[in-house]
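S.K.: Based on the hints, put chains B and C in the right spot on chain A.
Chains as they are written, first to last, in the numbering used here: chain A, 1 to 164; chain B, 165 to 612; chain C, 613 to 1181.
There may be inaccurate statements among the hints.
To be verified - Computed cross-link-like contacts, SDA-like style, restricted to lysine to any residue with a CA-CA straight-line distance of at most 25 Å:
1) A:Lys116 <-> B:Thr404
2) B:Lys477 <-> C:Tyr704
3) B:Lys225 <-> C:Tyr704
4) A:Lys85 <-> C:Ala1041
5) C:Lys667 <-> C:Pro636
6) A:Lys91 <-> C:Ala1155
7) A:Lys116 <-> B:Ser227
8) C:Lys786 <-> C:Asp804
9) C:Lys667 <-> C:Gln721
10) B:Lys340 <-> A:Arg30
11) B:Lys477 <-> C:Arg973
12) A:Lys55 <-> C:Phe1098
13) B:Lys225 <-> A:Ser29
14) C:Lys693 <-> C:Ala655
15) C:Lys693 <-> C:Glu748
16) A:Lys85 <-> C:Leu1172
17) A:Lys55 <-> C:Ser1180
18) A:Lys85 <-> C:Asp1168
19) A:Lys85 <-> C:Ala1155
Note that these hints are calculated values from the structure, not bench results. Every value quoted in this text rests on a predicted model; they were computed, and no experiment measured them.
So you can see what is in the structure, the chains are spelled out below.
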Amino acid sequence: MDDEAFTPRIVAFCCNWCSYAGADLAGVSRLQMPPDFHVVRVMCSARVAPEWIIKALSDGIDGVMVLGCHIGDCHYTSGNHRAAKRFALLKELLTYIGIHPDRLLVDWVSASEARKFQRLVTQFIGRVRELGPVCSQAREAPATEHPGQQALPHGERQDTCPRS
Amino acid sequence: MSPAVLVVGAGIAGIQASIDLARMGFEVYLVERTPSIGGRMAQLDKTFPTNDCAICILAPKMSECATHENIHLLTYSEVILVEGRAGSFRARVLRRPRYVNIDRCTGCGECVERCPREVDDEFNFGLSHRRAIYLPFPQALPRKMTIDPDHCIYLSNRDKVSAVNPKKGPCRLCEKVCEAGAIDWGQQEETIHMVVGAIVIATGFDPYDASQLEEYGHGRIPNVITSLQYERLVSASGPTSGRLLRPSDGEHPRSVAFIQCVGSRDVNHNPYCSSVCCMFATKEAILANEHDPELRSYVFYTDLRAAGKGFQKYVARAREEYRVAYIRSRPGSITHCKDTGNPVVHYEDTTTQRVLEMEVGLVVLCQALIPRRGQRDLADVLGIELDEHGFVGLPSPMRRPWDTSVSGIFACGYCHSPQDIPDSVAQASAVAARVAEMDWARATVRAG
Amino acid sequence: MGEIRVGVFVCHCGTNIGAVVDVPELVTHARTLPHVFHAEANAYSCSEEGLSSLKQAILEHRLNRVVVASCTPRTHEPLFKNACAEAGLNRYLFEFINIREHCSWIHSQTSQAATEKAKRLVRMGVAKAFLLEPQEETESAVIPVALVIGGGIAGLTAAVNLARQGFRVHLVEKAERLGGVVAQLHRLCPTDEDASDLIEPIIRAVQDDRAITVHMPATVQEVGGYVGSFRATVATGDDRRTLDVGTIIVATGADVLLPIGLYGYGRFPNVLTQSELEARLETEALRVGSAVFINCVGARTPERPYCSRVCCMTSLKNAAELRRRNPDARVYVLHRDMVTCGIEFERYYRRAMQMGVRFLRYDLDRPPQIVGGDDAEATIVWDALRGREARVPSELVVLTTPLIPGLDNQSTSHLLKVPLGEAGFFLEAHIKLRPVEFATDGVFVCGTARWPADVAESISQAYAACSKAAILMQAGSVTAEAITAFSDPDRCTGCGTCVPTCPYNAIELHHRSPTPGMACSTMLQVAGVNPVQCKGCGSCVAACPNGAMQQRGFTDQQMLRMLEVCVSG
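Chain A on its own, in the form it takes in the complex (with noise of 0.2 Å):
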């Protein structure tokens, strides 16, 4: 694959409390942001399960941002705290299973917090280029059948990697 024409992939999931009405804020100031990432709306960084990150990353997508409210400021308590939690040590699994563990970023954006919200996610799609496509790693994997080959909702079937 040709890394410069590579464009990453990325998803951003934002809580709808703090992270994506900050999102949305940066969205009403205007911010200019590169367009690699989708932002998915759970009500709580909590929801996010470590699961869905290893199947985005073995899916293709390069890079996934967690982006929850200030530790302190989570609208049901405690989420964000267990969020945190979790994704620490997803990390250290990421790292075991080979993925660079930069793919996952993890921070707390509050409401109006707009312009942090443009720096993280410009600065995390420049990390996500420096590290280049997901499937590049898992090219050194094993050749057991790729997860990406399942069928997908339009009937294409990929090989080794969904985003070829």
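M.R.: Below, chains B and C without anything else, positioned relative to chain A:
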């Protein structure tokens, strides 16, 4: 007929009272003088002692207020007449023209981009400019534009426009770029009539004019600002996008002095204590240090009043983690070092009896908080008494800490006594229960 | 399940979206997606026109899933959900995609890339919508009866207000008398009226009101249930009674710290607490020639860092009283800050000064010393502001101590499953904006149980708690938004990992019989979520090791499908 209540003032107290009353089944008319609900809390960056982002915790309540089927928002409006008595007040509310059709305006903001007229931004306490057509702040609700008739080029020159060709006239750029066709020059002021069983006053406070204390140089020395101006500087949505840059040269200050009791506890100005300043100075000092860990903050205080939940711990944190120094002193004067632009604080440290001076990068005056401009007029309209400072008078402050001198009219929050946000919120909910226990309310709510 | 028929509605939002994202191309693309039977563009989807068009399309094309691609769900989601409902579609079969704040407004220079991103977002929305299920909101009845625990000023006030609003109230008081701390005070500040003038009428009001049942002396032994239908067991001696209530108000008050071992208390008979002084002022014609009040005794120390809020006023009140009884008395207040916030309290402070009460500031690291033989005779104190030692004659030494959490707070906390916070006072849901509510629905707190408060504040907080309780009881029912968690009993292994993750105590393990034909024949334990308590955070779902727990509207299957679709193309 559903029983109705009129709430005057849409800051946190007015918003909370409205929500509780609406949830109980009352129709609520929430009248707000400015174009948006939100009040002073929307102007704060963070709130003590949790350092919650103020607008983040306020926005859901604003949203509920704006969408609850029982709450009717009347922004950019004022109460001009009230007659009758508890159980059936007849009120008249004047809605000023925005010159923008709120059914069409989508809040996209194109008009603001094009408006050529700059005006001092009152939301940012004069630290920046807004346009003649504006949204008071990014999270304003309703998210609709307003044209300031005093500064709009077209509106202030409208009389000079030829009657023969009314389409001509200076500017009108907003109208040209508005895709939704929402500009409505013909909009008139509107009078809304209502019959309500009770009235709740929640008009909050204004900052005292700190320049009245000439010895402190506000308005004369550029890097002497007020606490509320400071809030806007450190707010992410403020004039410097949250960077602590001082007015004279846009530099980061290396040290900040907070002066307490500016115009408070002072027989020459306001003898009372404004209640919240010790705490928000501590918060602001912490925020200064968060912006720049090298920055040193100094709080010049008389009595450190930190009596609420978590407050003493917060002060201890400020001292230990953020190295905020508390100096027991009420400075005599502040002078200006012209070379550096630094203000110089002249004071006696009362615990050492030494007279000293301290040159700092920025001085923040924690000024007294006084009743809102227009409170006297509102009091006349409602027929209620004010105390000697202009706050809403409470005839029975211990037993009925919200009842005004007129039966059926209640007050909550700062408009009657200096208090912080949790106290104001508790009072707002309390007033809802107070309204609900009135005879007329019980009769109608039971039936309805 | 019949055929899934998705409708996609793309908003131009004037030029806000349309100027950057190629809306017609987006609509064309949407039409190619599986299960999409209709796609259209609107100038403004949220306008009257846009909403009518939406409703009409649902009926005309028999749509049973709706995707709107426009601005942020945080503003207009309820609007569109209502529109769906009006067209006969379950409001939970709706998905909102943000292509304005999260697309056109932030990628305004790269129109093509923004359009491609919008297409992906729409695909993700359609994929999720396909997997949405209709949901019914759970309604649960609220019994219009309240339980007030504590018969002090806060509890009494709450009981009277709720009764006036038309609800029945059970008031439980553990002592033999009503009135709490206020009934033991001499005068109240800043009005200087007799405490009995305030508390007696309200005690009578409670006793006379037929809607209020007073259980005294009694304690609450057990509380089960949840908001709207709590079941409380109240014990009076050996007698036990079960009460079914909809809401609970905690007004259990606070105790006063006894300064044992401090400043000669217990050793000198003339070293008293404020309470002891008030009792003597009430019953005797007490008159002294000199008195020293020491404030912050056992407060604002490393062991107990908080300020008890009401004590400075108490010391002023009683110091002024002693001056009043003997205008020649030398009365000193030794303090470490005078906390008299607001208008009236500051005025009271000034007046005490004018009445001749003297003030002296001391520091924690140089506390006053009491000297004397059998009795305390003098106080030696380092005057922090004059920088010298002072020796003050002390016929009476009065120690101002803080309010401390009631001894029962721990047990009440377990009983009601509500937390304690700083120093052991009850912890409310949010310190700024929800001062009288607990995170657990239906339970409220007011007065000094929550934090030191004066009479006016306790009355205010009591009314505030009543407002919250009345909202529930007035409505008669609570409805939960259907984004709650639910557990599949056939997959749940009863491991219990989910239970402690819930901040609202909404999950319980309960027993269920095995399904016929299951290999295991013993009783199983499975998790059950109370949809009325559940707030929809999803923490339990992420914690569940085998996917038994899911969240309506945010299931693993839905979210994973969105991820798959995001990658393709």
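S.K.: Compare the structure with each hint and give your call.
M.R.: Against the structure, the hints:
Of the pairs offered as hints, the one joining Lys116 of chain A and Thr404 of chain B holds, with about 14 Å between alpha carbons and a cut-off of 25 Å not exceeded. Using a Cα cut-off of 25 Å, the hinted pair Lys477 of chain B and Tyr704 of chain C is violated, with the two alpha carbons roughly 45 Å apart. In summary, the hint linking Lys225 of chain B to Tyr704 of chain C is supported, as the alpha carbons are separated by about 23 Å, within the 25 Å threshold. Under the criterion of a C-alpha separation no larger than 25 Å, the hint pairing Lys85 of chain A with Ala1041 of chain C is consistent with the structure, at around 23 Å.
Restraint check for Lys667 of chain C and Pro636 of chain C: satisfied, since their Cα atoms lie roughly 21 Å apart, inside the 25 Å limit. Under the criterion of a C-alpha separation no larger than 25 Å, the hint pairing Lys91 of chain A with Ala1155 of chain C is consistent with the structure, at around 17 Å. Restraint check for Lys116 of chain A and Ser227 of chain B: satisfied, since their Cα atoms lie roughly 23 Å apart, inside the 25 Å limit. Annotation: proposed proximity of Lys786 of chain C to Asp804 of chain C is violated, straight-line Cα distance about 29 Å (limit 25 Å).
Under the criterion of a C-alpha separation no larger than 25 Å, the hint pairing Lys667 of chain C with Gln721 of chain C is inconsistent with the structure, at around 34 Å. With a C-alpha separation of about 21 Å, the suggested pairing of Lys340 of chain B with Arg30 of chain A holds against the 25 Å cut-off. For the suggested pair Lys477 of chain B and Arg973 of chain C, the alpha carbons sit about 21 Å apart, so the restraint of at most 25 Å is met. Proposed proximity of Lys55 of chain A and Phe1098 of chain C is supported: the alpha carbons are some 23 Å apart, at most 25 Å.
Distance restraint check for Lys225 of chain B and Ser29 of chain A: the Cα-Cα separation of roughly 22 Å lies within the 25 Å cut-off, and the hinted pair is therefore satisfied. Annotation: proposed proximity of Lys693 of chain C to Ala655 of chain C holds, straight-line Cα distance about 19 Å (limit 25 Å). For the suggested pair Lys693 of chain C and Glu748 of chain C, the alpha carbons sit about 13 Å apart, so the restraint of at most 25 Å is met. Proximity of Lys85 of chain A to Leu1172 of chain C is assessed by CA-CA distance (about 22 Å); at most 25 Å being required, the pair is judged to hold.
With a C-alpha separation of about 14 Å, the suggested pair Lys55 of chain A and Ser1180 of chain C falls inside the 25 Å cut-off, and the hint holds. For the hint linking Lys85 of chain A to Asp1168 of chain C, the alpha-carbon distance of about 20 Å falls within 25 Å, and the restraint holds. Proposed proximity of Lys85 of chain A and Ala1155 of chain C is supported: the alpha carbons are some 11 Å apart, at most 25 Å.
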